[in-house]
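A.B. asks: Residue strings, one per chain:
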Amino acid sequence: MSDIILNIENITKSFPRVIANKKVTFDIKKNAVHAILGENGAGKSTLVKILYGLLEPDEGNIKLNNKNFKVNSPAESRKQGIGMVFQHFSLFDSLSVKENLILGIDEKMSYSDLENKLENISSRYNLPLDLDAPITALSAGEKQRVEIVRILLQDPQILIMDEPTSVLTPQEVESLFVTLNALVKEGRTILYITHKLEEVISICDTVTIMRNGEIIDTSSTSNQTAKTLATKMLGQKLDDFKTNYEHIKDEVNFEVKNISCDFNDPFLTDLKNISFQVRVGEIYGIAGVAGNGQSELMDILTGENINIKSGSINFDNKKIEKYGPQKRRDLSISFVPENRLGHSAVPELSLSDNILLSQFPKNNFIKNGIILKNNVDDFANNVIKEFNVITPGNDAKASSLSGGNLQKYVIGREISSKPKILIISHPTWGIDAGAEHSIRESLIDLSKNGTSIIVISQDLDELIEITHQISVIYDGNLSNPLKTSEVEIEKLGLLMGGKK
Amino acid sequence: MNNFLPSLVSRSQSSSLMNFLVPIISILLTLITGSIIFILLGFDPLYALYTFFISPISSSYGISELLVKATPLALIAIGLSYCFKNNIYNIGAEGQLTMGAIFGGGIGILFHDTNAFWLLPLMIFAGAIGGALWGLIPAILKSKFNTNEILTSLMLVYVALYILDFLVVGPWKDPFGFSFPKSRPFSEAGRMPLLFDGLRVHFGLIIALFLIFASWFIFSKTMFGFQLKVSGHSPKAARYAGFNQTTLVFSAFAICGAFAGIAGLAEVSGPIGLLYRDISPNYGFTAIIVAFLGRLHPIGIIFASLVIALTYLGAEDAQLFLQIPSAVGFIFQGLVLFYLLGAELLINYRFTYKKLI
Chain A
1 MSDIILNIEN
11 ITKSFPRVIA
21 NKKVTFDIKK
31 NAVHAILGEN
41 GAGKSTLVKI
51 LYGLLEPDEG
61 NIKLNNKNFK
71 VNSPAESRKQ
81 GIGMVFQHFS
91 LFDSLSVKEN
101 LILGIDEKMS
111 YSDLENKLEN
121 ISSRYNLPLD
131 LDAPITALSA
141 GEKQRVEIVR
151 ILLQDPQILI
161 MDEPTSVLTP
171 QEVESLFVTL
181 NALVKEGRTI
191 LYITHKLEEV
201 ISICDTVTIM
211 RNGEIIDTSS
221 TSNQTAKTLA
231 TKMLGQKLDD
241 FKTNYEHIKD
251 EVNFEVKNIS
261 CDFNDPFLTD
271 LKNISFQVRV
281 GEIYGIAGVA
291 GNGQSELMDI
301 LTGENINIKS
311 GSINFDNKKI
321 EKYGPQKRRD
331 LSISFVPENR
341 LGHSAVPELS
351 LSDNILLSQF
361 PKNNFIKNGI
371 ILKNNVDDFA
381 NNVIKEFNVI
391 TPGNDAKASS
401 LSGGNLQKYV
411 IGREISSKPK
421 ILIISHPTWG
431 IDAGAEHSIR
441 ESLIDLSKNG
451 TSIIVISQDL
461 DELIEITHQI
471 SVIYDGNLSN
481 PLKTSEVEIE
491 KLGLLMGGKK
Chain B
1001 MNNFLPSLVS
1011 RSQSSSLMNF
1021 LVPIISILLT
1031 LITGSIIFIL
1041 LGFDPLYALY
1051 TFFISPISSS
1061 YGISELLVKA
1071 TPLALIAIGL
1081 SYCFKNNIYN
1091 IGAEGQLTMG
1101 AIFGGGIGIL
1111 FHDTNAFWLL
1121 PLMIFAGAIG
1131 GALWGLIPAI
1141 LKSKFNTNEI
1151 LTSLMLVYVA
1161 LYILDFLVVG
1171 PWKDPFGFSF
1181 PKSRPFSEAG
1191 RMPLLFDGLR
1201 VHFGLIIALF
1211 LIFASWFIFS
1221 KTMFGFQLKV
1231 SGHSPKAARY
1241 AGFNQTTLVF
1251 SAFAICGAFA
1261 GIAGLAEVSG
1271 PIGLLYRDIS
1281 PNYGFTAIIV
1291 AFLGRLHPIG
1301 IIFASLVIAL
1311 TYLGAEDAQL
1321 FLQIPSAVGF
1331 IFQGLVLFYL
1341 LGAELLINYR
1351 FTYKKLI
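Heads up: the sequence lines are chains A and B, in that order.
For the first sequence, the numbering used here begins at 1 and goes up steadily by one.
For the second sequence, the numbering used here begins at 1001 and goes up steadily by one.
Quick caveat, the hints were computed from the structure, so don't treat them as lab data.
Watch out, some of these pointers could steer you wrong.
Straight-line alpha carbon distances no greater than 27 Å define the calculated DSS-like cross-link-like pairs of lysine-lysine that follow [stated by the list, open to error]:
| id | chain 1 | residue 1 | chain 2 | residue 2 |
| --- | --- | --- | --- | --- |
| 1 | B | 1236 | A | 362 |
| 2 | B | 1229 | A | 362 |
| 3 | B | 1144 | A | 327 |
| 4 | B | 1236 | A | 272 |
| 5 | A | 362 | B | 1221 |
| 6 | B | 1144 | A | 309 |
| 7 | A | 367 | B | 1085 |
| 8 | B | 1236 | A | 420 |
| 9 | A | 397 | B | 1236 |
| 10 | A | 249 | A | 319 |
| 11 | B | 1085 | A | 327 |
| 12 | A | 309 | B | 1236 |
| 13 | B | 1085 | A | 397 |
| 14 | A | 491 | A | 257 |
| 15 | B | 1236 | A | 373 |
| 16 | B | 1229 | A | 327 |
As the structure is a prediction and not an experimental result, all values here were calculated from the model.
Can you make the complete structure from the sequences, with help from the hints?
C.D. replies: Printed below as a string of structure tokens:
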């Protein structure tokens, strides 16, 4: 008797700029917890979306119980016995638990049948639910329980869990694991998507490691340690970069001291006692897997969020943690947030107009409240020329530029005013190799001229290429910095996976 | 099963030509629908449309009346565009207009025996203050308690109307007015000067044109106008730029309230000459249509105010010559708004019958 429930063979899926899955091949055993481990962008989500009928593969076969498996929608996938619990819940907040469950059922079922079934599921799998409570009143863990029960009503053979612990408290994680064990004991199979090394080792039987869309390894977790997993997840990053430390001065230019911030929101990560120092001319990298507090930290560094619980940001002998963005720009601190369209640039406005979003004291753009159009246009033309932005002119709408060109433009706008500090998040996210190279080069040049740069990025190659020090953010905690020229990839991997 | 119902899919690029044509298409569709309604009522559609849209403006008196109606509409609509550009849905301009009339008119009643030159400027100023203060109430509620400005601004309309009602039947009642619910008339110095002898078009028109021009300058040349635009398009970018959202909300409401207040004062010190219950045939609400029909652009708003003012006049003529209730005017206004919103939707979205996941 075969104990393989799902054969995945040669699955390939490409998107316009990337191949998300390259000939992905592995088997999933029945009655086990199977982990898929990988960094952001490794191709995990693409693979499970194919399994769940949200994406269609370009090539390859999937067999469920030795029969060909091809689905075009989540409903079909559920019918075939595959259910999925997403990281972000899809529940109606104003309705009760019961109403949400009724809405989620595909087939017809009488009301008393439903209640019996629910009671059965709740007690069998350690999923207590208050059926009449409105969803708004539930914690993240309880909402997840509703999602799991909703899927279990369809009696799936395979349950896909996408980063299930990311929104849970430690106690809720414990109770989720009890549920998962009960499900496996009954003969179900769980496909567990994660980047947390500890969870792979403690509850998964088998682990498939993905990197850059390819399968690196599939093996039993019993002979793996967090260290071996980390190395396989990250691979051997290029290590012969000549990081140049000569121009860095000893003087600390920018200091973040014991910043803590609570959000009371399961989808935001609280920041816990974050401290770091950046010296004059230094590029300081903050690595980490997405959703570990990067965007929350970025908002605090830019001044878009000034409601911190404790701590301070020190620059130029001032405490600036309560300064808004404009007041920080007045001190020559400049920012580039991760999202170009709608955050660092307004897509509907022209390139010239977009210059006005970020003004420094030296810029002569406004006089008595009136925009000096000529000065703004000159500045825009200069950025376009200097940073090789491909566009018909400064009156083109920002939305008409490609991602790479717009990013060059936005970074050019910030760099042109020669800031003392540049804080930049994911500088080369989603852009082509040429733009990527020129942006990294301009950041290095800027640091050589004495600007201190803080780079938040998930791209380890990028951080290793351009930074002088790297620390890792995990669950709102920031590690001590490591010198980039001496950093061991294994150590970074452990930190990113939450192991000290 | 879902396949019978079309779904809306967003267009990647909206056509700028269509964007420009939307108001014209909406007006054409309104005329077509209007003709159908006239036919169903048993009228010759061409004659009815002529009575409605041409005959009212075929004399200099008619043109003057058109301008009298268009003045408050354009003035309020340009004020509303400060709010709408910033995605603030102030629909309480009618209340702000009423408060402006009360404040400005109050000054007129207080100084009813003065004929000094400063009376009218003071009344205009008071009208602006009254409207702005009334507009600031929803602004405060929105920024302090995160209340929905659509609801609060609308509810405040009725509060303002009842205050006016109370004043003209109570403390401000004309002592020589035989107990009619109206105030005593303002003195000659408290009236808007007429622009032409024998015609009702008054100095309010000049004020409106000046404020429309000033708004054009503010929208296109100043940092304040830029901030309104950015925070309307993308609040996140406005936060990144460091624009103060609270200041923007307060200024938009205050400016809109002041403009509506001036419009209210111009009505009572212009054609009316005193305070009474029905000072405005819903100018404050109709101006919302004018603002959108004019695409929130000063020039567009001038044209839109003329078109909508015509529906007021047409309704009066239709009542007179065709014996159709004057509410037909509101039907035309409703149709324009309906087609405008529909066309707006279709610029940004298209129908598809394909099943979505």
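A.B. asks: Work down the list of hints and note, for each, if the structure agrees.
C.D. replies: Structure-based check of all given hints:
no., hint, verdict
1, 1236(B) - 362(A), "holds (25 Å)"
2, 1229(B) - 362(A), "holds (24 Å)"
3, 1144(B) - 327(A), "holds (23 Å)"
4, 1236(B) - 272(A), "holds (25 Å)"
5, 362(A) - 1221(B), "holds (21 Å)"
6, 1144(B) - 309(A), "holds (21 Å)"
7, 367(A) - 1085(B), "holds (23 Å)"
8, 1236(B) - 420(A), "holds (24 Å)"
9, 397(A) - 1236(B), "holds (18 Å)"
10, 249(A) - 319(A), "holds (22 Å)"
11, 1085(B) - 327(A), "holds (26 Å)"
12, 309(A) - 1236(B), "holds (23 Å)"
13, 1085(B) - 397(A), "holds (18 Å)"
14, 491(A) - 257(A), "holds (24 Å)"
15, 1236(B) - 373(A), "holds (24 Å)"
16, 1229(B) - 327(A), "holds (21 Å)"
Checked against the numbered hints above, the structure violates none of them.
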